[in-house]
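Quick note on the working numbering: the sequence shown kicks off at 234 and runs consecutively.
Do not rely on the hints blindly, as some may be mistaken.
Unchecked claim - Cut-off 20 angstroms, straight-line C-alpha distance, at most; resulting in silico cross-link-like pairs (SDA-like, lysine to any residue): (1) LYS324 / SER272; (2) LYS320 / SER336; (3) LYS324 / GLU278; (4) LYS320 / ASP243; (5) LYS324 / ASN284; (6) LYS320 / TYR338; (7) LYS320 / PHE286.
As the list claims (entries may be wrong) - Computed Cβ-Cβ distance ranges for the label pairs, DEER-style: (8) LEU288 / ASP249: 33 to 43 angstroms; (9) HIS266 / ALA293: 17 to 27 angstroms; (10) GLU339 / GLU312: 30 to 40 angstroms; (11) ALA259 / GLU323: 16 to 26 angstroms; (12) PRO304 / HIS266: 32 to 42 angstroms; (13) GLU323 / ASP243: 12 to 22 angstroms.
Note that these hints are calculated values from the structure, not bench results.
Fair warning: this is a prediction, and the values are worked out from it, not measured in the lab.
Note that CB positions come from ideal geometry on N, CA and C, so glycine has one too.
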Amino acid sequence: MFSLYQFSYDEHNWGDEVDSQETAEAMMLHMAHTRSWESRPISDEVVNRYNGFSLPELEAAVLDGILEYMPSNKALAAEIAHAPFHKLQEKLTQEGGQFVGGSFYEFEGNHNDTLIYVVVAT
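Using the sequences provided together with the hints, build the complete structure.
Written as structure tokens, this is what we have:
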């Protein structure tokens, strides 16, 4: 049996107070530490679509995506990228489950937020 979880930095719901690089970085850090992994519906097709990366590859892809946005602040980018994975590890430890694979979608203006998907065997 599989579960699908999604983590989003929720950029499309940021308010007008996020109006500079500095406030955007602060908001991403806030979201990384306060948002939770959300359960999503799953099917065999979904399992195949969202399991393209191993865990190290997925973390690296997220970090690379965030570094593109804030290349001058590597330490902050690393914290923003890795915080969701620390939460995921806690979730898997508490609830049981094993990482199967994941995928990552970068923020695209009017299209989507920064999204991380993971498939977990339960």
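Hints and how they fare:
The suggested pairing of LYS324 with SER272 holds, with an alpha-carbon distance near 12 angstroms, which does not exceed 20 angstroms. Restraint check for LYS320 and SER336: the C-alpha separation of about 17 angstroms stays at or below 20 angstroms, so the hint holds. The straight-line distance between the Cα atoms of LYS324 and GLU278 is roughly 24 angstroms, outside the 20 angstroms bound, and the hint therefore fails. In summary, the hint linking LYS320 to ASP243 is supported, as the alpha carbons are separated by about 16 angstroms, within the 20 angstroms threshold.
Restraint check: the Cα-Cα separation between LYS324 and ASN284 comes to about 18 angstroms, which is no more than 20 angstroms; the hinted pair holds. Restraint check: the Cα-Cα separation between LYS320 and TYR338 comes to about 19 angstroms, which is no more than 20 angstroms; the hinted pair holds. Simply put, LYS320 and PHE286 have alpha-carbon atoms about 18 angstroms apart, close enough for the 20 angstroms limit, and the pair holds. In this structure, LEU288 and ASP249 meet the distance hint of 33 to 43 angstroms, their C-beta atoms being roughly 36 angstroms apart.
Look at HIS266 against ALA293: about 20 angstroms separates their beta carbons, and that is inside 17 to 27 angstroms. A beta carbon spacing of about 18 angstroms between GLU339 and GLU312 contradicts the range 30 to 40 angstroms that was offered as a hint. Checked against the hint of 16 to 26 angstroms, the C-beta distance between ALA259 and GLU323 comes to roughly 24 angstroms, which is consistent with it. At about 22 angstroms, the CB distance of PRO304 to HIS266 disagrees with the hint of 32 to 42 angstroms.
Separation of GLU323 from ASP243 is about 20 angstroms and conforms to the stated range, judged on CB atoms against 12 to 22 angstroms.
Figure legend: structure checked against the earlier numbered hints; hints not met, in rising order: 3, 10, 12.
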